[in-house]
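K.L.:
Sequence:
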Amino acid sequence: MRSHATAVLNAALLAAALTSLVSAQEPPRGRGAAPRVTRPPLFFREEWKQTAAGGEHPVNPSEALSNPNLELKLYGKEVLLTGSAQDDNNPIHLWTGLCATPCAVALRDRNNYGDLTGLARIRWVTKVSGFHQVRPIVKLADGTWLVGDHADGSTVDWLQSDFSLAEVRWLRLDINTVVTKGNIVDKPDLGRVDEIGFVDLTPGSGHGAGGWIDVAAIEVFAKPIKR
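Residue numbers (our numbering): 1312 to 1538.
There's no promise every hint is true.
Stated by the list, open to error - Each computed DSBU-like pair below joins lysine-lysine, with the alpha-carbon atoms no more than 35 Å apart:
1) 1537 - 1360
2) 1498 - 1384
3) 1537 - 1498
4) 1450 - 1384
5) 1492 - 1450
6) 1450 - 1388
Quick caveat, the hints were computed from the structure, so don't treat them as lab data.
Turn these sequences into a full structure, and let the hints steer you where they fit.
P.N.:
Structure (structure tokens):
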């Protein structure tokens, strides 16, 4: 009789323990529940616009953009635009092969800052030569420039890449010389970003194989914040 009572008690204790475990694993409900994290919308897309003459030529900020809501900023000299919308092997893109120094390109939404916190991400189509890599840059609302440690670029073919900005570590960037400064910035505030773009931290080697980056279409997924 005693063993039966003990078995019943043990079964009750086990059931209570399992119920407690399941309750602990369930998401919180009602008051005090953590807010749901959602992916931000497309903030902007740019795929560049070729001139009527086509071919390879220096980038003209007033002519190179297909998105009328954006402004194009160039840092460094001799970034070129080339390619054709009808050629998958050579899409319209920006090219850094003639940059004698490091150079960068940034895009600015005329009406909004970008909130690059949470699940904000960048998607771009790139190709590189040599040891060059495409890295993200941002200009914060207070004027601070940062460059990320995320790097993309295939020497074989054009590749589309997505990356989350929450996983990027940042260094300060002297935009006048396009050179990194100092140590890793601890938890920079990306809630109000003024400009978003990419950088080639190594001078170009000219035409042919050697060293340069190509950047075709670029998309930024972020919450817009009115200026």
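K.L.:
Please name the hints from earlier in the document that this structure breaks, with their numbers sorted from lowest to highest.
P.N.:
none
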